[in-house]
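Since the structure of chain W is already known, use the hints to place chain A on it.
Going down the list, the protein sequences come from chains W and A. First residue of the first sequence? That's 118 in the numbering used here, and the numbers climb one at a time after it. First residue of the second sequence? That's 118 in the numbering used here, and the numbers climb one at a time after it.
Possibly wrong hints are sitting among the right ones.
[Claimed, not checked] As a list, the in silico SDA-like pairs of lysine to any residue whose alpha-carbon atoms are at most 20 Å apart:
#1 K209(W) <-> P250(A)
#2 K209(W) <-> Q239(A)
#3 K379(A) <-> E231(W)
#4 K209(A) <-> A224(W)
#5 K379(W) <-> L421(A)
#6 K198(A) <-> H188(A)
#7 K209(W) <-> L266(A)
#8 K198(A) <-> S171(A)
#9 K323(W) <-> L353(W)
#10 K209(W) <-> S269(A)
#11 K379(A) <-> H234(W)
#12 K209(W) <-> A224(A)
#13 K379(W) <-> D230(A)
#14 K177(W) <-> T194(W)
#15 K164(W) <-> P243(A)
#16 K209(W) <-> K379(A)
#17 K379(W) <-> P243(A)
#18 K379(A) <-> S237(W)
#19 K379(A) <-> K323(W)
#20 K379(W) <-> K177(A)
#21 K379(A) <-> K355(W)
#22 K379(W) <-> E231(A)
#23 K198(A) <-> M118(A)
#24 K286(W) <-> R247(A)
#25 K379(W) <-> V242(A)
#26 K209(W) <-> A248(A)
#27 K209(W) <-> G272(A)
#28 K209(A) <-> P246(W)
#29 K209(A) <-> S269(W)
#30 K379(A) <-> P243(W)
#31 K330(A) <-> Q382(A)
#32 K209(W) <-> Q382(A)
#33 K209(W) <-> V251(A)
#34 K323(W) <-> I383(W)
[Unchecked claim] Between beta-carbon pairs, the in silico distance windows are:
#35 P243(A) <-> P166(W): 14 to 24 Å
#36 G356(W) <-> R153(A): 52 to 62 Å
#37 G356(W) <-> G356(A): 38 to 48 Å
Hints listed in this document are in silico derivations from the structure and should not be mistaken for laboratory results. Beta carbons are placed, not taken as given, at the ideal position from N, Cα and C, and that holds for glycine.
If you want the building blocks of each chain, they are given just below.
There are 2 protein chains.
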Amino acid sequence: MALLICAPDRSNQQLAHDLSERLPNTDIRIWPEIGRPEDIVFAVLWKHPKDLLSQLPNLKAVSSLGAGIEHLVDDPTLASKAVPVGRMAGPKLALDMATWLIGRVVADWRVFDEHTHHQSQQRWVPETPRATPVIGILGMGQMGGQAALSFSQLGFQVLGFSQSGHGPKTIPVWSGDAGLEHVASQSDYLICLLPLTPQTQGILNKTLMASMKAGSVLINVGRGGHLHEQDLLDALSKGKPRRAILDVFQQEPLPAHHPFWKHEQIVISPHCASITDPQEAAERLAQSYEAVLRGEPPLGEVDLALGY
Amino acid sequence: MALLICAPDRSNQQLAHDLSERLPNTDIRIWPEIGRPEDIVFAVLWKHPKDLLSQLPNLKAVSSLGAGIEHLVDDPTLASKAVPVGRMAGPKLALDMATWLIGRVVADWRVFDEHTHHQSQQRWVPETPRATPVIGILGMGQMGGQAALSFSQLGFQVLGFSQSGHGPKTIPVWSGDAGLEHVASQSDYLICLLPLTPQTQGILNKTLMASMKAGSVLINVGRGGHLHEQDLLDALSKGKPRRAILDVFQQEPLPAHHPFWKHEQIVISPHCASITDPQEAAERLAQSYEAVLRGEPPLGEVDLALGY
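Bound-form chain W, shown alone (with noise of 0.2 Å):
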């Protein structure tokens, strides 16, 4: 029985070694070295070959390396083997989405980029009080759950929205078009941090941002594909959203002349925003291989049918 890591654009000897060490006795394989496919009952991927999974005839569920799982979703050999699929979505990975989501909505409201600039000519500018802003989170998952609560401890309003109207007990939770035309309407800051379905493919486009308020800040840390990059150009030039903070994108990285990158009211990141803590996406993967040596689905079960 071996365990199989396939993660094409990522160096992944240091997660086989952080694997070895909690699962001595396991055999772990790094692809392209993938072995006799046979031995293969787990495997571990991001952005993974597309003729990789009909090779492994005994494969009995694999996770993914990320917390998305489109890369997943797109293979229909996956769906074909129907077995269960996890992903990398633990507590830490939630709370750092949710404190990086906190600094970039800080940063904006309490204007850090003016106190930078007002040093820099020695002035001594008092800031103006503004009101706390209203959080518009759009799916509430883990992540979006967490941030809703992260928040809302801080004392925000929050709004959430998800395809099921569901989310944390403490949350409003709209759902439906006119649900999300509602959060829309009512936020400062809108954070996407749904996952990439077909149903929320381009979500984020010029009917939504049209129901926006005026000078609020548009926020996407889910996929690149949740954007419709020209239409926020578009809206931007309307002033609705002023100003967009984006760390992922239609593609990756962003090409070298995107008209992004001197947009002055975009804000870009490098898809940094919750970075996966190796020591705790290894012991995730290593408590998901035992469990499905029992005979019991990976961590973080999703529905690939759902695409969440």
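Just chain A now, kept in the frame of chain W:
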């Protein structure tokens, strides 16, 4: 009976208006139009003239218009009157302070400035994961205690220091010189939220900075008097701390030619980390006034002898 507002460096019309809405039958006066001094039973003070209180024979209580009371401790007439003293440190003010501090820490830890720099060069540079920093908080009163809890809820390890050794139950709190050195030596971000008293005057000095971690950050949101400014300049040149984030200064506004303005390792904001919410202030002061009429102390009662 009358309520007096005396805050010579502020405009007080709005506060008087907000108070009159809550206390419709109360005679509210704004210094210097104090009217008959015998009428005044409650005074709301911020840097009042030191000859004021001796003119008010029937004063029953005072409240600071801010969270600090060092401008009251400075007035020997107040001590001789032996009236109860309140201050303006409500839960909202404490949460706002905690939120601002989280924003400042996250902006530094998660290198927002580096991302801005890379964006200006149209370069996609992945962020190197860095461990969640340890937060040291000096002062475990309402402000420091809330900051400790808020950082802790986000998964940061928090070390507290207070003169008494008291603090929130879930936070480890040190006291004494050895405790101060311990907290300073273990913290990646060291935050001063102490009251300004003879014991804490100049507490952020070369001894403390020498015990800080190399590469750490010092944040002063207490009072300018806590920081020995020349010691900081010397310490920054040695990288302990790596950076100072300062919201308060010995002299405010910070004088135009002060060396802090152009120092690359110093981040300056104009005493704005927590801004008293006008509505919360009016509400608390109205409640304090009513309490005083009932013979009770004003909200946020402090010990003038302790200085907090």
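We went through each hint and held it up to the structure:
1. K209(W) <-> P250(A): Roughly 14 Å separates the two Cα atoms, so the pair holds.
2. K209(W) <-> Q239(A): Between K209(W) and Q239(A) the Cα gap is close to 31 Å, so the pair fails against 20 Å, i.e. violated.
3. K379(A) <-> E231(W): Satisfied, since the Cα-Cα distance of roughly 16 Å is no more than 20 Å.
4. K209(A) <-> A224(W): holds, 19 Å
5. K379(W) <-> L421(A): Judged against 20 Å, a Cα distance of about 55 Å means the pair is violated.
6. K198(A) <-> H188(A): holds, 16 Å
7. K209(W) <-> L266(A): holds, 17 Å
8. K198(A) <-> S171(A): Since the Cα atoms of K198(A) and S171(A) sit roughly 9 Å apart, the hinted pair holds (cutoff 20 Å).
9. K323(W) <-> L353(W): holds, 10 Å
10. K209(W) <-> S269(A): holds, 13 Å
11. K379(A) <-> H234(W): holds, 12 Å
12. K209(W) <-> A224(A): Given pair K209(W), A224(A) holds - Cα atoms ~19 Å apart, limit 20 Å.
13. K379(W) <-> D230(A): Holds: K379(W) and D230(A) sit about 16 Å apart, inside 20 Å.
14. K177(W) <-> T194(W): Holds, because 13 Å separates the two Cα atoms, which is no more than 20 Å.
15. K164(W) <-> P243(A): holds, 18 Å
16. K209(W) <-> K379(A): Answer violated: K209(W) to K379(A) is near 38 Å, above 20 Å.
17. K379(W) <-> P243(A): It holds: about 18 Å lies between the C-alpha atoms, which stays within 20 Å.
18. K379(A) <-> S237(W): holds, 7 Å
19. K379(A) <-> K323(W): Between K379(A) and K323(W) the Cα gap is close to 43 Å, so the pair fails against 20 Å, i.e. violated.
20. K379(W) <-> K177(A): violated, 61 Å
21. K379(A) <-> K355(W): Status violated; Cα separation ~36 Å.
22. K379(W) <-> E231(A): Distance ~16 Å between K379(W) and E231(A) Cα, so the pair holds.
23. K198(A) <-> M118(A): holds, 18 Å
24. K286(W) <-> R247(A): Not OK: K286(W) and R247(A) at ~33 Å, beyond 20 Å, violated.
25. K379(W) <-> V242(A): holds, 16 Å
26. K209(W) <-> A248(A): Given pair K209(W), A248(A) holds - Cα atoms ~12 Å apart, limit 20 Å.
27. K209(W) <-> G272(A): holds, 8 Å
28. K209(A) <-> P246(W): Satisfied, since the Cα-Cα distance of roughly 13 Å is no more than 20 Å.
29. K209(A) <-> S269(W): Distance of about 13 Å is within 20 Å: holds.
30. K379(A) <-> P243(W): holds, 18 Å
31. K330(A) <-> Q382(A): Between K330(A) and Q382(A) the Cα gap is close to 16 Å, so the pair holds against 20 Å.
32. K209(W) <-> Q382(A): violated, 31 Å
33. K209(W) <-> V251(A): Satisfied, since the Cα-Cα distance of roughly 15 Å is no more than 20 Å.
34. K323(W) <-> I383(W): Between K323(W) and I383(W) the Cα gap is close to 16 Å, so the pair holds against 20 Å.
35. P243(A) <-> P166(W): 14 to 24 Å: holds, 23 Å
36. G356(W) <-> R153(A): 52 to 62 Å: holds, 53 Å
37. G356(W) <-> G356(A): 38 to 48 Å: Given range 38 to 48 Å: holds, Cβ gap about 43 Å.
In terms of the numbered hints stated before, the structure departs from hints 2, 5, 16, 19, 20, 21, 24 and 32, listed from lowest to highest.
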